[in-house]
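Enquirer: The chain contents come next:
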Amino acid sequence: MAMQCFSADSRPLAQMEWATSRPSFSFGGYFDPVNTSFGVMRVCNDDEIAAGKGFGPHPHSDMEIVTVVLSGAIRHQDNLGNDVVTTTGEVQRMTAGTGVIHAEYNASDTEPLQSLQLWFMPSERGLKPSFESIAYDAAGMANTLLPIVSQQGSSQVASIHQDMTIYLSKLDAGKELLFRQGPGRRVFMFVIEGKLSVNGQIMERRDTARMEAEPKVALKADEAAWFMLVDLP
Amino acid sequence: MAAIRKETLLIKHAVGGRTFIDTAKTPISYKAETVHAMNGQKGCKFVVDNVPDELGREILVWKEELNVFLFRDYENAPTRKLWFYVLNGPVEYDAANRRLSIMAQSSIEYVPDHFHP
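Chains as they are written, first to last, in the working numbering: chain A, 405 to 637; chain B, 60 to 176.
Hint data in this document are derived by calculation from the structure and do not stem from the laboratory.
Certain hints may be false.
[As the list claims (entries may be wrong)] Have a look at the derived ranges for each label pair, beta carbon to beta carbon: (1) A:432 to B:116: 20 to 30 Å; (2) A:587 to B:120: 45 to 55 Å; (3) B:137 to A:587: 45 to 55 Å; (4) A:432 to B:175: 22 to 32 Å; (5) A:622 to B:157: 51 to 61 Å; (6) B:155 to A:487: 32 to 42 Å; (7) A:616 to B:120: 38 to 48 Å; (8) A:619 to B:137: 53 to 63 Å; (9) B:136 to A:492: 39 to 49 Å; (10) B:93 to A:491: 15 to 25 Å; (11) B:173 to A:530: 21 to 31 Å; (12) A:622 to B:87: 49 to 59 Å; (13) B:93 to A:541: 47 to 57 Å; (14) B:149 to A:577: 55 to 65 Å.
[To be verified] Straight-line C-alpha distance at most 25 Å; calculated DSS-like pairs for lysine-lysine: (15) B:65 to B:84; (16) B:71 to A:457; (17) B:104 to B:65; (18) B:101 to A:532; (19) A:579 to A:532; (20) B:65 to A:532; (21) B:104 to A:532; (22) A:532 to B:71.
[To be verified] Sample of chain A residues with no beta-carbon within 12 Å of chain B, all distances over it, derived: (23) 408; (24) 410; (25) 429; (26) 430; (27) 447; (28) 462; (29) 494; (30) 527; (31) 548; (32) 558; (33) 567; (34) 589; (35) 601; (36) 616.
Using N, Cα and C, we set each Cβ at its ideal position, and we do this for glycine too.
Work the whole structure out from these sequences, hints included.
Expert: As structure tokens, this is what we get:
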């Protein structure tokens, strides 16, 4: 596999009374035994949750769970004592490790929440559970790849227990970027808004791509585009 | 503590939530025995009988990604959920006897109706 593109409507639509989700990998009622992971990536759910609604308390373990808020706000509560609202321009990371019970809700009583929820296998099992929510430099993603989650972390980059980086970028129409993929690495792409050429292949809103053994990832905005790029093992 | 009215064993895939065993929907014989495990914490050994071969083998595929629960319903108290962490198990399936055994290393109890961190 060099590069595989998946159109937005190729993903199954999971519809509840108060939420919709388009999973990229097997999740919930969608199970495909040949689509359960991409490297250490296990889940990429494109979620919309109605105002005031959400998921009650439930457990997680041995997973790094990242929620990127696209619009609206999410409230996270857990048995570690965290009660945090994460809004647009912010990202949260939960290390489930040996076990955490958490609940997550749309924090608004009036506006829907749009988010990407991403799950990654950690570099080791049995980690101490932890949680953080950080604000990234939203202006800093203009025409460049802005890291928002990485193994090292910083004040504006959430840290994660895996050798990987999640970038966000907003490219103006006509602008180009080049990402160099290291040996043995993978790249997962998700177009949040707009239209983008990736190594010559057109990707539109909510399309995804998975790339292996592609030394160069050439990105060109055919129209203004907001996208996520994940560099992972 | 009120008397337990009903107990349910649930074994699910932790990634995506696929249900493997739900004794409320498919009654099946099981035992849950408290044992001392990781770091002196209370673990639990589960033994489940009459597990179909295909299901037993599928659970083994995902043995590092299991969510094991005991849901306890009470007469006059809200449901309490016990979630068990299965680190290294062991998780074993004895095909000859259709018996699944799972060793969980620790647990967390929570009451969904009273979840106020």
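Enquirer: Decide, hint by hint, whether the structure agrees.
Expert: The hints, checked one at a time:
1. A:432 to B:116: 20 to 30 Å: Once the Cβ atoms are compared, 23 Å apart, the range 20 to 30 Å for residue 116 (chain B) and residue 432 (chain A) holds.
2. A:587 to B:120: 45 to 55 Å: violated (30 Å)
3. B:137 to A:587: 45 to 55 Å: holds (54 Å)
4. A:432 to B:175: 22 to 32 Å: At roughly 27 Å between Cβ atoms, residue 175 (chain B) and residue 432 (chain A) fall inside 22 to 32 Å, so the hint holds.
5. A:622 to B:157: 51 to 61 Å: holds (55 Å)
6. B:155 to A:487: 32 to 42 Å: Hint violated: Cβ distance 50 Å, outside 32 to 42 Å.
7. A:616 to B:120: 38 to 48 Å: violated (23 Å)
8. A:619 to B:137: 53 to 63 Å: For residue 137 (chain B) against residue 619 (chain A), whose Cβ atoms are near 57 Å apart, the range 53 to 63 Å holds.
9. B:136 to A:492: 39 to 49 Å: holds (41 Å)
10. B:93 to A:491: 15 to 25 Å: Cβ of residue 93 (chain B) to Cβ of residue 491 (chain A): about 43 Å, so the range 15 to 25 Å is violated.
11. B:173 to A:530: 21 to 31 Å: Holds, since residue 173 (chain B) and residue 530 (chain A) (Cβ atoms, about 28 Å apart) stay within the stated range.
12. A:622 to B:87: 49 to 59 Å: About 55 Å separates the Cβ atoms of residue 622 (chain A) and residue 87 (chain B), which means 49 to 59 Å holds.
13. B:93 to A:541: 47 to 57 Å: holds (50 Å)
14. B:149 to A:577: 55 to 65 Å: holds (57 Å)
15. B:65 to B:84: With Cα atoms ~13 Å apart, residue 65 (chain B) and residue 84 (chain B) stay inside 25 Å; holds.
16. B:71 to A:457: holds (24 Å)
17. B:104 to B:65: holds (20 Å)
18. B:101 to A:532: Within the cut-off at roughly 17 Å; holds.
19. A:579 to A:532: Judged against 25 Å, a Cα distance of about 42 Å means the pair is violated.
20. B:65 to A:532: violated (33 Å)
21. B:104 to A:532: Answer holds: residue 104 (chain B) to residue 532 (chain A) is near 23 Å, not above 25 Å.
22. A:532 to B:71: holds (22 Å)
23. 408: Per Cβ check, residue 408 (chain A) is outside 12 Å of chain B; nearest 21 Å; holds.
24. 410: Holds, because the least Cβ-Cβ distance between residue 410 (chain A) and chain B comes to about 18 Å, which exceeds 12 Å.
25. 429: Its Cβ does come within 12 Å of chain B, the nearest being 8 Å, so this is violated.
26. 430: Since the minimum Cβ distance to chain B is about 5 Å, residue 430 (chain A) lies within 12 Å and the statement is violated.
27. 447: Non-interface label fails for residue 447 (chain A): nearest chain B Cβ at 7 Å, not farther than 12 Å.
28. 462: violated (8 Å)
29. 494: holds (20 Å)
30. 527: At about 14 Å from chain B, residue 527 (chain A) clears the 12 Å cut-off, so the statement holds.
31. 548: holds (33 Å)
32. 558: holds (27 Å)
33. 567: holds (20 Å)
34. 589: holds (22 Å)
35. 601: Given a closest Cβ separation of 32 Å, the condition holds.
36. 616: holds (21 Å)
Checked against the numbered hints given earlier, the structure breaks hints 2, 6, 7, 10, 19, 20, 25, 26, 27 and 28 and satisfies all the rest.
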